[in-house]
Structures are given as structure tokens and as C-alpha cells.
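Asker: Now for the letters of each chain:
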Amino acid sequence: MSGLLLPKRKLMGRRKFLGLSVAGLGAMTLGGCDGLSESPKFEELLNSAEGLTYRAQRLLGGRKSMAREFSSADLSPDFKVNGTHAPDTPEYVALQEKDFADWRLRVDGLVVRPLDLSLADLRAMPQRAQITRHDCVEGWSAIGKWQGVPLAEILKTSGLQPSARFAVFHCADFYEHASDGTGQYYESIDLIDAFHPQTILAHSLNDEALSVGHGAPLRLRVERQLGYKHAKYVMRIEMTDRLDQLGRGKGGFWPDRGYEWYAGI
Amino acid sequence: MTLLSTADPRASSRSGRRLVQRHALATRLTHWINALCLTVLLGSGLQIFLAHPALYWGQYGADADRPAFEIGAETSPDGAQKGFVRLGSATFDTTGKLGLIRGADGDFSERAFPHWATIPGWRSLALGRRWHFFFAWLFAANLAAYYVFGLINGHLPRDLAPTRQQLRPREIWADIVDHLKLKFPKGEGARHYNPLQKFAYLGVIALLLPTMVLSGLTMSPGMDAILPWLVELFGGRQSARTIHFITASLLVLFVIVHLTMVVLAGPINGVRAMITGKLAISKEDEK
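Those protein sequence lines, which keep their order, are chains A and B.
Throughout, our numbering is defined as the position within the first sequence, counted from one, plus 763.
Throughout, our numbering is defined as the position within the second sequence, counted from one, plus 1284.
Think of the hints as simulated: they come from the structure by calculation, not from any bench.
The reader is advised that the hints may include incorrect statements.
Stated by the list, open to error - Rough simulated footprint, nothing fancy, chain A against chain B, three-plus residues with beta-carbon under 8 Å:
(1) 1327-1333
(2) 1409-1420
(3) 1505-1511
(4) 1519-1529
Claimed, not checked - So, partial list: chain A residues that the calculated Cβ filter (under 7 Å) puts toward chain B:
(5) D797
(6) G798
(7) S800
(8) F805
(9) L809
(10) G814
(11) L815
(12) L823
(13) M829
(14) K843
(15) G846
(16) E901
Unchecked claim - Pair ranges (Cβ atoms, derived):
(17) A:P925 / B:Q1365: 56 to 62 Å
(18) A:D884 / B:A1319: 57 to 63 Å
(19) A:F805 / B:A1374: 38 to 44 Å
(20) B:D1347 / A:K827: 31 to 37 Å
(21) B:G1487 / A:I955: 36 to 42 Å
(22) A:S834 / B:I1559: 51 to 57 Å
Quick reminder that beta carbons are idealized off the backbone N, C-alpha and C, glycines included.
All chains should be modelled from the sequences, with the hints used to inform the complete structure.
Answerer: Written out as C-alpha cells, the structure is:
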């Protein structure tokens, strides 16, 4: 093998050269990746994959595809609490002390009739229960039974102005006390997910009222996306035509911090 | 064979060897794009894994559930912090290598994989995901292009499908012996893949790479709603995540063996053939 290009005694030199080249290339690649990660232009290029994923999944799944539903035999023995464990604002603590009797869900923005709904109002509306898998962006999954009101029912009651494009969920918790004042949790979804039959505002997990850790009194379930889209402690649903004027402009607490707004992957 | 014998006149003037066309342009292009994609996907995949360095089997799996595999750090009875890798009930001390890593400041911190192995080098699940999914698209498109070209130009059936003769146990055994003796063909024989090479390449092309794509898609809640059979195929999202990790490990193993073989069989000739398409073969042992 060695005699083809160079005399045999130079073999080690060649191997060493190749080894060094590979090591150098590896270091350049990884070092280069860190450099590129800091370049806004390159990050923009990487972020373009999100649009591709969103369009591909909407094209293939659209309004119809349903997240798998499980049986009660499949439930996780322990459903992990993640994100905020207990909101600490005085407003939330006051609501919690009265067992959310004074809590109202505000529905406003680009709607025909703004609404203020109590927990009793929500429980009196058509209900949906679903046993689904919750997938965290970190990689873990847990299966739980969620019950609540389909968001479509609420939006049918409020009506939509023609310009409405997104549903924004404003939450009670500050996940971060950021200096720019954007630490309050919020999330948003498009109208396809807003009217999807499995998109519900859940008040119960595993046949019990939501615990504070899981988002009492009301959290969003948007089953075809990752966990951070499932906003907890929902106080207000705002229908809007744009997301760039909220938070840092990316449509959610985690999207404002680099994560995908479309979290179907 | 005469069709492929486009001998380079410069090379043939030198004694004992000539250049022949070995790899089609489509093969070379897809090879290097694939190499780039797999490197980035591995580094960014390890970055994503840092966020929850445990693997489970089945539909669900989180902190309260028993992992099949775990990388972490814990405080030992004597008060010292230790990095560990746990596979089933077996625990290995990996302090400094996995689980507990020394940072640039010299201090140990809990981290499944070292900084040099992840993209980016610092901790960022968000950026790791951005890298991963961009290159996942490129990787899948490149793989699809490779299949299409491989079927159109005949590369897959002609160069990679083992011949009847190569499937005979005696041939396979002879090839194993040749590999163990580090005996590689230099002449006409170097223009074809040997049986072990074909098995390895086909294993990667037809099994490992598609498994990476499918197990990766199974981790997407959106794709699970679109293609419910994906979850069935792998026996659950957490099983798919575990298989994604195992398959990636097998690919790393393949690349190590592949690069070793390239070095042993003549790295300059081999790498040049994959860049220019031309392979130098010696005339002496031509049949």
C-alpha cells in the first residue's frame, strides 16, 4: 500500500501529517462552530430551518393530524413539575389563598366580545379529556390525563375579528426577573393550533384540580408541540395579528431566549 | 471495465501505477456533505443531550422514572464529587471525562460531555437545537439525493450490492483474514469494494442513517401526530430517543473504523480518490 505514492520510509510522516490534519480540521470545525454560533448572520441562517419545519409539518399535518392518546394504564406514575413551581407575585398568592374563587380568565384583543370567565364558567362549557404525552424540550416525556375546555369553544363564544392570527397566553408567573422587564411568562400559537380539537385549557390533571406546580388554575395544552408552549397559570388570552410588540418580539418567553416559536420538533 | 479505464497519461508515464476513475461526482459531493452534517449533528446532539443526560425505554421517562442509561455527577460518601456513567445497575467512575468536567477555570462542574465535544462549546440547549435541526434538514436532503443518484447512475446496485460470489462464506472468511493481516488490494482489486466493506457501507447507508432520521423524527411531537406509526415502530418516544443515541454511537464507531482503514490502506490515495474521483492503482498485480 505504501509504495504507491511515496517511498516506504516516509510512511510515518504521511500518517503523522494526516493525523495532524484531521486533528487540526477537528479543532477548526469545533472552534469554528463556536465562532459561528456568535455570529448573528449565521444564527439567522440556522434559524431558517424553523420555517422549513413549520411549513413541512403544517403541510403534512395541518388541522387534522392528532397527537396520540393513551389509556389510563399508560399514565406516568409521577408527572414531573417543570418551569415555575409556584408564582410568587402578590396577585397570584392572593388568588391562590381564596382557592381561585376570584380568578377570571380574560379573553380580549381582536375578538368580537371580550370575556371574563370564572372556573365555574369554564367547567360549565363543553369539556374534553385526553391522555397525552408531554414532551419537554430537554428530552424527557410524561403521560398525563388532562381535562378542560377546548380553546375553540372559548373563541366561538368570544368571536374573532378577521385580522386575528395568533392566540397569546399571558401568565401569572415571572420565570425570570429580567432587567428589561420581559421575565413574565407568555406563549403564543397560530389559529391552526388554536382551533385544533386537542388544544384545550386544562383545569384538571389525572382527575384532580391542577396543582400549583402544574399551573393552577388553568394551563394550555397544545399537544403537537413541546412542553414550553403549554403555558401554565394562564390569566389572559389575547387575540392578535402580530407578535413583535410583545416581550422581546419572538412570541414567547423561551422563543425570546433563542428557542423555536414553532416547537413541533 | 474498459469503460472505466480512463488512465491518466501523466500517471501512466510513471512506473508501475496509473490513475483510474473511482468515485462519481455525486458520490464524492454527498460523501463530504454527509461528513460535515454528521460531525455537526453529533456535536449539537451531545449539546442537546446535556439538558437531560438520561435514556429510558418505552413511551415516557423523566426524573422519577428509572433510566436505562445515565451520565451524571454525585457526591460520594467521603464528600468528593464524582462523575459517573450508569448502565442498568452498573456504575462507572468517569470523573473528569464524563459527568463531571473540568472547565476553563479549572473547576469541576456537572456536565455529561466535555466542552470540546459539544456545539456550541458552552451550554446552550437553544443554540444546540438550532444547529441540530438546520443540519438535520441538510443531512436528510443529502441522503435522499444520494439514494436518487445511487439508483440512477447505478452506484448502489453496481458498487455496493455484494456479488453472489462475495456472499460465499469462504470469500467472506478470506476477506476477514485479509483485513486482519492488513492486506489491502493495490491493483485491479482496489477498484471494487471487498465484502466487509460492502457490508459496512450498506449497514450505514441502508440501516444506520435511515434509523437516525426515523428515530429523530419520532422525538418530534408534530411528526408523531402526522405519522403515528413512527412511535409504534420504536416502541415509544423515549425508546426512539435511546435508539437515536445508540445508532449515533454505532456511527461514531463506524467512522473510527472507516478512518483507520483509510489510513492503513493509503490515506493520500484514498482521500484524493474521494476528492478528485481518481484512484491510483498499481500495475504489477493487475489481473
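Asker: Next step is simple, just say for each hint if it's right about the structure.
Answerer: Okay, the hints, checked on the actual structure:
1. Given a C-beta distance limit of less than 8 Å, the hint that chain A covers the segment 1327-1333 of chain B holds, as 3 residues qualify and 3 suffice.
2. Only residues whose C-beta sits within less than 8 Å of a C-beta in chain A count toward coverage, and the segment 1409-1420 of chain B has 9 of them, enough to reach three; the restraint holds.
3. Counting residues of the segment 1505-1511 of chain B whose beta carbon lies closer than 8 Å to any beta carbon of chain A gives 6, which meets the minimum of three for the stated coverage.
4. Closer than 8 Å: that is the beta-carbon criterion, and the segment 1519-1529 of chain B has 3 residues meeting it against chain A, so the requirement of 3 holds.
5. With its C-beta approaching chain B no nearer than about 5 Å, D797 of chain A sits inside the 7 Å limit, and its interface hint holds.
6. Because the smallest distance between the Cβ of G798 of chain A and any Cβ of chain B comes to about 9 Å, over 7 Å, the interface hint for this residue is violated.
7. A hinted interface residue such as S800 of chain A counts as satisfied when its beta carbon comes closer than 7 Å to some beta carbon of chain B; here the least separation is about 4 Å, so the hint holds.
8. Annotation: F805 of chain A was flagged as interfacial toward chain B, and the flag is violated, the nearest CB pair being 10 Å apart, outside 7 Å.
9. Interface restraint check: L809 of chain A against chain B, minimum CB-CB distance 4 Å, threshold 7 Å, status holds.
10. Annotation: G814 of chain A was flagged as interfacial toward chain B, and the flag is violated, the nearest CB pair being 11 Å apart, outside 7 Å.
11. With a cut of 7 Å, the hint placing L815 of chain A at the interface with chain B holds, because the nearest CB-to-CB distance is about 6 Å.
12. The closest approach between the C-beta of L823 of chain A and any C-beta of chain B is roughly 5 Å, which is under the 7 Å cut-off, so the hint is satisfied.
13. Hint on M829 of chain A holds. Least Cβ distance to chain B is approximately 6 Å, under the 7 Å limit.
14. At its closest, the beta carbon of K843 of chain A sits 4 Å from a beta carbon of chain B; the interface hint therefore holds under the 7 Å criterion.
15. Taken as an interface hint, G846 of chain A does not check out: its beta carbon lies about 14 Å from the nearest beta carbon of chain B, beyond 7 Å.
16. At its closest, the beta carbon of E901 of chain A sits 4 Å from a beta carbon of chain B; the interface hint therefore holds under the 7 Å criterion.
17. In this structure, P925 of chain A and Q1365 of chain B meet the distance hint of 56 to 62 Å, their C-beta atoms being roughly 60 Å apart.
18. Between D884 of chain A and A1319 of chain B the Cβ separation comes to about 59 Å, which falls inside the hinted range of 57 to 63 Å.
19. As the Cβ distance of F805 of chain A to A1374 of chain B is approximately 42 Å, the hint placing it in 38 to 44 Å holds.
20. For the pair D1347 of chain B and K827 of chain A, the beta carbons lie near 34 Å from each other, so the given range of 31 to 37 Å is met.
21. The beta-carbon spacing between G1487 of chain B and I955 of chain A, approximately 40 Å, falls within the hinted interval of 36 to 42 Å.
22. In this structure, S834 of chain A and I1559 of chain B meet the distance hint of 51 to 57 Å, their C-beta atoms being roughly 56 Å apart.
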